[in-house]
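Protein chains in written order, with the numbering used here: chain A, 1005 to 1175; chain B, 144 to 338.
FYI, nobody ran anything at the bench for these hints, they're computed from the structure. What you were told as hints is all true, and nothing was included just to trick you.
Derived pair list, reagent style BS3-like, types lysine-lysine, alpha-carbon separation capped at 25 Å:
hint, chain 1, residue 1, chain 2, residue 2
1, A, LYS1023, A, LYS1158
2, B, LYS332, A, LYS1160
3, A, LYS1024, A, LYS1157
4, B, LYS332, A, LYS1075
5, A, LYS1074, B, LYS178
6, A, LYS1074, B, LYS234
Residues of chain A placed beyond 10 Å of chain B at every Cβ, according to the derived structure:
hint, residue
7, LEU1044
8, THR1119
9, ASP1120
10, ALA1144
11, ILE1151
To be clear about the criterion: a stretch of chain B counts as covered by chain A if any three or more of its residues have a C-beta under 8 Å from a C-beta of chain A, and this derived list gives those stretches:
hint, stretch
12, 177 to 189
13, 200 to 209
14, 217 to 231
15, 320 to 327
16, 330 to 338
Glycine included, each C-beta is placed from N, C-alpha and C at the ideal position.
What follows is the residue order along each chain.
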Amino acid sequence: MSDAQKAALSPEVVLAEMKKNGVTHVVWLPDSETNWLFLLMQAEPSLTLVGVNREGLAFSTASGLHAGGKKPLILIQNTGLMESGDSLRGWAMGMNVPVVLMVGYRGWTRHGVNTDTAATYVERFLNAFNIQYYLIEDGADAGRISIAFEEAKKTKRPVAVLVADEYHGFN
Amino acid sequence: MMDTAELLKIYNRHRGNAIVVPGRGGKHWIKISDKRNRDVELGDPAMGGHASFAMGLALALPQEKLVLFDSDGDIQMGMGILATIAEQQPKNFYHFMLDNEIYATTGGQPVPNAKTIKYHEVARACGYTRAYAYDNLETFSINVERILAEPGPVFVALKVKPEVENTPIGGRVKWRKRSQVQVVQDLQKELGIAG
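Same shape as in the complex, but just chain A (with noise of 0.2 Å):
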């Protein structure tokens, strides 16, 4: 195994961070960023998968996950975050929703010269909503997502983490 790839950020320890900071549902549309996620994801009975088609509609569903009691994670691309504004201020920053939006960081290049405009303006759109973010690139910052977790819950507000997927290999 290369060093790459045992530095390479494992589906199971995302999974383990979910479970350890107590995440019921999943609310998703899939990515190529994190699809490694899916067949574990889909294997864990303490987590329920909730598919939605845009990802708008991640936020007021989750909004309502909250607001029921549960603790929805949304898992989308750096795409759909940008498509869904409007929900992620009416329905999440709105409504104090303490979720944790796991990114995918389509585009990322450690180099900082990209091609993919996902890229170019994400972490640019997190900052106009004033979203706090934190970058994994590998399992040794696996630990971030539960620092996003806590956030989250102390500000009351939705914190994102961004997947970034060079060692994957499509940059």
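Model the placement of chain B on the given structure of chain A, informed by the hints.
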């Protein structure tokens, strides 16, 4: 076409202890309901999300009956949620939709293809096993008790008279007496949910 307030009064006779998300019927509902801590009137946090919010609430609270009064404009903005609801099959979810054929709060412009679209057929095609449509109070009042006794998810399209608002938003009388956050807090307190 039905009068929304009268329709809601008829529903209220059969409410029982249901949690009600009144959607754009909220301004009438808060004057009709006598279980205010089980009402989730949110106004319009972001258009198109009422059904997904209510579905989330229904999934979180499977022991409670959850009734939503959605709208045609909201449904058209997030119609894909019908497939998600049908997939999740919340047995406690009753999805009523007020269809006034217009965007009433922006001045009454038409909703696309409003007079032709059959929302209950869309819902059924998405996988709701029970879907109905009514355009008069008499038929609705005859059927509502039976509908509420069926397992969800149930979809009911209801033709209602438009109530157009033309006053600029800043000049409108605010009908909501509680903030969205307060509404959720009151519901959670009622249900014993730690917020």
